[in-house]
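Participant: If you want the building blocks of each chain, they are given just below.
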Amino acid sequence: MPFDPKKHIMPTQDPAIRATNFKEVALGYSPTVAKDEALRCLNCPTKPCVAKCPVHIDIPAFIKKIKEDDLEGAYSVINESSSLPAVCGRVCPQERQCESACTLGIKFEPVGIGRLERFVADYHNENSKTKAVKPESNGHKVAVVGSGPSGLACASDLAKQGFEVTIYEALHKAGGVLIYGIPEFRLPKKIVAREIEGLKELGVDIETNVVIGKTITIDELFEEGYEAIFVGSGAGLPKFMGIPGESLKNVFSANEFLTRINLMGAYLPESDTPIFHAKKVAVVGGGNVAMDAARSARRLGAEVSIVYRRTEKELPARVEEVEHAKEEGIKFELLTNPIEILGSEDGSVSSLKCIRMELGEPDASGRRSPVPVKDSEFVEDFDCVIMALGTSPNPLIKNTTAGIETEKHGCLIVNEEEETTRQNVFAGGDAVAKRLLEK
Amino acid sequence: MFKIVSKRILNPTVTEMEIYAPLVAKKAEPGQFIILRVEEDGERIPLTVAGYDREKGLVKIIFQIVGATTEKLNHKEEGEYISDFVGPLGVPTHVEGLKKVCVIGGGVGCAIALPIAEKLHEMGASVTSIIGFRNKDLLILEEEFKNASDKCIVMTDDGSYGNKGNVTMPLKEMLEAKEDFDCIIAIGPLIMMKFVVSTAKPYSIPVTVSMNPIMIDGTGMCGGCRLTLVKEDGKRVTKFACIDGPDFNGYEIDFDEAMMRSRQYAEFEKKKREETCALYKKAN
Numbered sequence: 001m002p003f004d005p006k007k008h009i010m011p012t013q014d015p016a017i018r019a020t021n022f023k024e025v026a027l028g029y030s031p032t033v034a035k036d037e038a039l040r041c042l043n044c045p046t047k048p049c050v051a052k053c054p055v056h057i058d059i060p061a062f063i064k065k066i067k068e069d070d071l072e073g074a075y076s077v078i079n080e081s082s083s084l085p086a087v088c089g090r091v092c093p094q095e096r097q098c099e100s101a102c103t104l105g106i107k108f109e110p111v112g113i114g115r116l117e118r119f120v121a122d123y124h125n126e127n128s129k130t131k132a133v134k135p136e137s138n139g140h141k142v143a144v145v146g147s148g149p150s151g152l153a154c155a156s157d158l159a160k161q162g163f164e165v166t167i168y169e170a171l172h173k174a175g176g177v178l179i180y181g182i183p184e185f186r187l188p189k190k191i192v193a194r195e196i197e198g199l200k201e202l203g204v205d206i207e208t209n210v211v212i213g214k215t216i217t218i219d220e221l222f223e224e225g226y227e228a229i230f231v232g233s234g235a236g237l238p239k240f241m242g243i244p245g246e247s248l249k250n251v252f253s254a255n256e257f258l259t260r261i262n263l264m265g266a267y268l269p270e271s272d273t274p275i276f277h278a279k280k281v282a283v284v285g286g287g288n289v290a291m292d293a294a295r296s297a298r299r300l301g302a303e304v305s306i307v308y309r310r311t312e313k314e315l316p317a318r319v320e321e322v323e324h325a326k327e328e329g330i331k332f333e334l335l336t337n338p339i340e341i342l343g344s345e346d347g348s349v350s351s352l353k354c355i356r357m358e359l360g361e362p363d364a365s366g367r368r369s370p371v372p373v374k375d376s377e378f379v380e381d382f383d384c385v386i387m388a389l390g391t392s393p394n395p396l397i398k399n400t401t402a403g404i405e406t407e408k409h410g411c412l413i414v415n416e417e418e419e420t421t422r423q424n425v426f427a428g429g430d431a432v433a434k435r436l437l438e439k
Numbered sequence: 440m441f442k443i444v445s446k447r448i449l450n451p452t453v454t455e456m457e458i459y460a461p462l463v464a465k466k467a468e469p470g471q472f473i474i475l476r477v478e479e480d481g482e483r484i485p486l487t488v489a490g491y492d493r494e495k496g497l498v499k500i501i502f503q504i505v506g507a508t509t510e511k512l513n514h515k516e517e518g519e520y521i522s523d524f525v526g527p528l529g530v531p532t533h534v535e536g537l538k539k540v541c542v543i544g545g546g547v548g549c550a551i552a553l554p555i556a557e558k559l560h561e562m563g564a565s566v567t568s569i570i571g572f573r574n575k576d577l578l579i580l581e582e583e584f585k586n587a588s589d590k591c592i593v594m595t596d597d598g599s600y601g602n603k604g605n606v607t608m609p610l611k612e613m614l615e616a617k618e619d620f621d622c623i624i625a626i627g628p629l630i631m632m633k634f635v636v637s638t639a640k641p642y643s644i645p646v647t648v649s650m651n652p653i654m655i656d657g658t659g660m661c662g663g664c665r666l667t668l669v670k671e672d673g674k675r676v677t678k679f680a681c682i683d684g685p686d687f688n689g690y691e692i693d694f695d696e697a698m699m700r701s702r703q704y705a706e707f708e709k710k711k712r713e714e715t716c717a718l719y720k721k722a723n
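Chains as they are written, first to last, in the numbering used here: chain A, 1 to 439; chain E, 440 to 723.
In silico lysine-lysine, BS3-like type, Cα no more than 27 Å apart, as pairs:
(1) E/Lys442 / A/Lys200
(2) E/Lys466 / A/Lys141
(3) E/Lys674 / A/Lys408
(4) A/Lys398 / E/Lys678
(5) E/Lys466 / A/Lys398
(6) A/Lys353 / E/Lys678
(7) A/Lys279 / E/Lys711
(8) E/Lys670 / A/Lys239
(9) A/Lys189 / A/Lys200
(10) A/Lys398 / E/Lys465
(11) A/Lys129 / A/Lys65
(12) A/Lys107 / A/Lys6
(13) A/Lys408 / E/Lys670
(14) E/Lys709 / A/Lys280
(15) E/Lys465 / A/Lys141
(16) A/Lys6 / A/Lys67
(17) A/Lys47 / A/Lys67
(18) E/Lys585 / E/Lys446
(19) A/Lys129 / A/Lys67
(20) E/Lys558 / E/Lys640
(21) A/Lys239 / E/Lys678
(22) E/Lys711 / A/Lys189
(23) A/Lys280 / E/Lys711
(24) E/Lys710 / A/Lys280
(25) A/Lys131 / A/Lys64
(26) A/Lys331 / A/Lys23
(27) E/Lys711 / A/Lys23
(28) E/Lys710 / A/Lys279
Partner residues aside, some chain A positions facing chain E, computed with beta carbon under 10 Å:
(29) Ala170
(30) Gly234
(31) Pro238
(32) Phe240
(33) Pro244
(34) Ser247
(35) Ser253
(36) Met264
(37) Ser271
(38) Asp272
(39) Thr273
(40) Gly347
Worth flagging that the hints you see were computed from the coordinates, not collected in a lab. Note that this is a predicted model, so its numbers are computed, not measured. Ideal placement from N, C-alpha and C gives every residue a C-beta, glycine not left out.
Just need the whole structure built from these sequences, with the hints factored in.
Facilitator: If you want it as C-alpha cells, here you go:
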C-alpha cells in the first residue's frame, strides 16, 4: 500500500450548512479510514507520543489494536489511562501534545492520534453492551469538588481503585466546562452524558446544586467523614478589559454567552432562557473560547469578527478551530485591539473603537508583545461585543477554607503529589495550572 | 427535586413559598439569595431568601410574577416539586453592631427587607421600617413588619392605604427631625433605592442597598450581574452582585447604568410570560 504523507481527512458537515445548525461539525472516521490512518503509525520503540500525553495513554499499543481490527481491545488500552476518551479525542489540543511528538511528524503529518482516539471511544460507546462494574469498596471516602474534566477524571481513577467517591457540582447539571462552555457542535452533550453515566456505573455519586464553600464547606466535608478532598473547581471567573462601554447592553462575557447557549439551551426556540440575537458581533480574544463564542454567534445568524491583538501565529486556539471558524465565514481582525465600546441612546452597543497593533520586542515569556500603532484608531459598527479574554479561578474555596493558599493569579498552590497547602486537600485542572493564555 | 411545603398568595402578583432544602436552610442568612429552576430545561432565576427554618429545613421565598419562570413557579402547588434549588449564595447583610436602623422596603423588595428587620429586632436594635406599595391591593407583610419594628410606616402611591406618597417622604421628614440612624437599608425597585440614596445623602447616613441584576450561575462565572461602583475619587470599579453582593454601599452604585442593564431582556421576558400564560389558559 502506498504510504500517505498526510493525515486522513476528518469528514465534516459542509461549512455553509453547519453555520446554521448546532450539530457536530466533525463527523468521525469510518472504520476503513480509521484502519488506514492506524497503519500510518510506525509503532516506533521510543514512543515519544506517550510522553507528551498528559495521562500517558499507550498510544502505539491502542493503534496496533486498531490495525488488528480489535477495537474493544484498543478501547481497553486507552481506558487503562484515560477516563474520558470520547471527550479528549474531540477537544484535547493533540497538535501540541501527543501528535507534536510523533516521529512521522518530523517529515510528514503526524498520525491522527486524536481522531483515532475519538473513533475507538465512539465505537465502544455505540457497540459495547457491557456496563462498567462497581469495584469492591476499599472503605475510604473521597469528595470531589466540581464535575468538569479534572473532577470526572479524578473520580473515575479513584472509583476504579475502590474509593467511595462523591462529586459535588454547583450547577444543576454535571460536566462543568464540557456542559456550560464547549458547544454542542464541538462536543455533543450526549457524549458527555455517556461518560458521566459510565462514572455512575463505577459507583460514583454526583450531587448537583451544591456549592462547596457556600452550601457545605471543605471543613464540613471532613467532618462528614471524607478522608481526602479533590478540588477541581476550574477557572470560572471571566475577565473584562476595563475599557469604557463594557457595561453597555449586549456586551457579554464569553462565559455568559456560551452558558446561555450550552447549559441553558437558549438557542432552542422553546427555551425560557433569553439570548441576544445579534446582527454583527465582535468577539475579543483568540483562544478556543473565543472561537466557540464566535461560531455560536454565527449559528444564531450573526456576521462575526474575531478581534485579536496579535497575529494568526499567536492565536492560542487550536488550529482546527481557527480553520473551522474561517470556513464558516468568521472574519479575523488581527493585530487589532478594542479601546472603547460605543453605545446608542438606549444603552446598547452600537460600535467598537479599535486601534491597530504591531508586534514589538519579545517579552519575558518570549512572546512578542503587541504595541499600538499611532493614529490608527478606527470605529466599526457592531451591535454585540463578546469578551473572551480568559478566566481566573473562583476564589470561593480559598476564601472559605483555612490553610489553602494561592499564587497571585488565584491558582491553588499544590506540591508534586497535587496536594494543596492544606493536608488531604488535593487539586487539579484549571484551578491549579495556569491555563493557556487566551489572549 | 425540592418539595414545596407551603404556598401562600400574598397579593395577585406576589406569592410566598416554603421549600424543603435543609442544606440551604442550615446556612442561609438575611440578604443572601438562592437560584432555582422550576423544571428540567427551565431557566435559572435568583431569588433573595425571605426567611428560613433551620430545624424544619425550610427556606422561604417570595416572588413577583414577571416572566415565564415565575409564572410556572406560581402554578406549582403545595406538595409539588421544583427541580433545582441552590444556595445560599452571596454575602449576608452586615447587621453586626447596628443599634438604630431604618429598613425600607418597596413592593416585593419588602420580602427581602423583612428578614433583615427581624434579625435586627432580635438583636435588640431599634428598627424603623417604611414599606411602600403602588396601592392597597399590592400590600404585603404588614403584620410581619409591625412585629419586627419599633415603628412601621406604610406608604401607597395612590393613598389607598396608609399614607399617600413614596417611601422617601417619611424618610426625609425623619432625617430633617434629626433621627440619628446608624444605617438605612433599602430594598426595592432600582428607582426607589436611587431616591433613598439621594434623600439620605445630605445627612451622611450610610445606605445599604440590595441589588438584583440579571444572573445565571450565581457563583461569579457569567459576569452578567456586573455593576459599576463609583468610588469617592471618581474611579469606576466593576463588581459582580452574585459574589461581591447582593448588598452594596448605595452611595457607590451607578443606578442609571443598573437600570439600563436590567432591561436587557425585558421584551423577551414579557413575550415568554404571555406565551406561558396562553399555554396555561389552553390547558384549563
